[in-house]
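Listed in order, the protein sequences are those of chains A and U.
Its first residue numbered 12, the first sequence is counted upward by one per residue in our numbering.
Its first residue numbered 12, the second sequence is counted upward by one per residue in our numbering.
One thing to keep in mind: the hints can contain errors.
[As the list claims (entries may be wrong)] In silico lysine to any residue, SDA-like type, Cα no more than 25 Å apart, as pairs:
| id | chain 1 | residue 1 | chain 2 | residue 2 |
| --- | --- | --- | --- | --- |
| 1 | A | LYS296 | A | LYS84 |
| 2 | U | LYS84 | A | ARG379 |
| 3 | A | LYS84 | U | ARG203 |
| 4 | U | LYS296 | U | GLU342 |
| 5 | A | LYS84 | U | LYS296 |
Note that these hints are calculated values from the structure, not bench results.
2 protein chains.
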Amino acid sequence: MQADHGRPRVVIVGAGFGGLAAARALTGSGAEIVLIDRTNHHLFQPLLYQVATAALAPSDIAGPVRSLLRRQKDTTVLMGEVTGVDPARRVVNVSDVGAIDYDTLILATGAANSWFGHDEWARYATVLKSLDDAAAVHDRLLSAFELAESRSDPEEVAALLTFVVSGGGPTGVELAGAIAELARFTLARDFRRIRPGGARVILCEAGPRLLAGFPTSLSGYAEHALGTLGVEVRVGARVEHIDGDSVTAGGETIATRNVFWCAGTQARPAASWLEADAARNGAAKVLPDCSAPGRPEVFVIGDAAHFAGRDGQPLPGLAAVASQQGTYEGELIARRLRGIQTAKPFRYRDRGTLATIGRSRAVVVVGRVRLTGTVAWLFWSLVHLFLLAGFRNRLVVYVNWSWAWFTYGRGARLITGLTSPAARAGKTETAATHHDESQPRQLVP
Amino acid sequence: MQADHGRPRVVIVGAGFGGLAAARALTGSGAEIVLIDRTNHHLFQPLLYQVATAALAPSDIAGPVRSLLRRQKDTTVLMGEVTGVDPARRVVNVSDVGAIDYDTLILATGAANSWFGHDEWARYATVLKSLDDAAAVHDRLLSAFELAESRSDPEEVAALLTFVVSGGGPTGVELAGAIAELARFTLARDFRRIRPGGARVILCEAGPRLLAGFPTSLSGYAEHALGTLGVEVRVGARVEHIDGDSVTAGGETIATRNVFWCAGTQARPAASWLEADAARNGAAKVLPDCSAPGRPEVFVIGDAAHFAGRDGQPLPGLAAVASQQGTYEGELIARRLRGIQTAKPFRYRDRGTLATIGRSRAVVVVGRVRLTGTVAWLFWSLVHLFLLAGFRNRLVVYVNWSWAWFTYGRGARLITGLTSPAARAGKTETAATHHDESQPRQLVP
């Protein structure tokens, strides 16, 4: 695909929060915009656990990229897998499509799951990064109860009714709370031979406390709130071994058939495509305007980038960071097209963070304000109802939430996937180091 | 699993319309009821094409069997694959669960897809029988447009934008209409390089007319209505060959990458389990009370059974037939438990049939009344809104439908399945003869 004569082409790889924000900021700048993603949809990942536990439908939290950018006539959306970049020739290679020329490139490729060097765990543990993963988690949860109902060996039944979540960041906390509620409320009266309310839910965190990105007092609240739902919280319990029958964490071996992996991420290969310096988690080290060193026409943003903040620490892997960087980059490129070459360095504005525990508790930090409990949860609901606009009409999401709230999600407990969770999990990439799951969730991207 | 002392056990295999109706009719009879299904949900199959084309969510048309029967304390629901029956020992064998004793057995195992002896077509064509199939059809439809947008060879683009539906029964008619609407309305403005409205949709039917189970005048109306949506209808065009690049039907070879197979069904193996006489499509021939000849404690109902109607013809493969047989059987067994051994033979009551073409046309037959067009469509909507109650609240379905109607289904166009359609389609069973797809859809099950 050759560039138009006269119209500079900006190629954006990745339609997550960063790539989408960049495309929106660039429209009308005179550039031809090409946005490439492996899937056809933008995903509101922070609510993925709600799809995994059937409170929301996939279409409530995801929207086709084409549809979201329908009015941008200067933007072409392509579904395809980018296999590499040739920065010398200024070409992006897309599987089955071929080479796409660019004048400016934005890599917003995000992060994949990380197994910390234990790729074999992918056979046994289920991750939660994509809509497919959410379906796999959902099917695995419900199948465990179904299998337990049909088995007679008490040890097998106990292992089937033990759920281990690895990782005490927001995803792990939210998932553990949701599993406990599913067992104790949603499924409570559906079975004749097993007692779903007796299921064990164990949350293992390698660090000293849950929600490490939040103030310490909120970590304590989260642990307490999970305890009231019956979740057993183990801090300082790094997962050392996973197989089909058990998990070993912090020296303790737990018999379980259900392991959910929310423990770490690994940046997708933007750095290796550019042959650029990378941090331990694979993220490409970038300059203060997010460009790759020595390549002012190439930018890396979001989870794929290692951006040193004012304190020297890298910015957390949050939707808010990616989104702000995308907007910043789009505006920077638009200014360049008008002949303005200078730019202020990127600065992240923290507008607040939040996480939920179960269906009526949350923790919220906005500046110096800290909220917990039902007030925080109501605040969380309103913010997310607002943020989800654009995927579907708000009425549908509101009705779905209300229905799930009053009925504990009775409606959507269908096991549909016949693909094994292991096969799905096997799609994730190779692993390296701990990254961002201890970070809080963004409030406003 | 041994039967309770003193409580006779009725085992029902299959939680479709037949099995569910039987379980409902049996509750309170004093029997212990065990309902076994391969999935955890009851599916309202007549609306599956709406999930395939994203007008409805899976949870709108399916509900967990446990949840539907939650109040029946005498009923145990098991998810498992029945591998065989030993009628001499009165045992059902369930994969991974073991042997389950019965005093009375109801086989309501339904029908699978039939390839008419061409199992190799499963590699290229997508079927529409389960929620997984609906997801595969949906992903295949949307992926075709995405791939076409990224390709430059005009012949490849044309083959990607040609959709062939095999089978002119209600499923084929409804699917072809929905694909045409998806291309012409929903996707019309989303692409930059291709024109989705120029996509070809071709419906091939081996017989002389569409909707063979309906009066001839309604077949003509359906053909006309499909024509106004741009669907090319080929009657007398039996599919002779399918490969990855083309379909040959009625002597004509059509270059296409997208084939949807709605042409025939094959009864699941109740007859072979019982070593009983079967019709050409594999359905077990049954006596006037639906029992297997020589085995008064074993009943076969629904699509798995070949029940000779008053005219000597077998009853059609409709939800209404299965449902009425299930209720009849449940009541018959309940009477036997009270010591009443005599029973009137089963009689099917035809309460009406209907099918839709696109989002505002339908055909309806109720007794001598025949409706077409918008009036028929409104009637169809009301009936289905009523029938779907129990899966989810009606408000959600109503909002989903309204939303899809006014926006042409903008909300739910997400490609999520990474499983290939061929792999999914490969799950279907081996093939034999034409069965019920020329039959109309039931009005009231």
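Hints, one by one, checked against the model:
no.	hint	result
1	LYS296/A <-> LYS84/A	violated, 33 Å
2	LYS84/U <-> ARG379/A	violated, 53 Å
3	LYS84/A <-> ARG203/U	holds, 8 Å
4	LYS296/U <-> GLU342/U	holds, 21 Å
5	LYS84/A <-> LYS296/U	violated, 62 Å
In this structure, the hints that do not hold are numbers 1, 2 and 5, in rising order.
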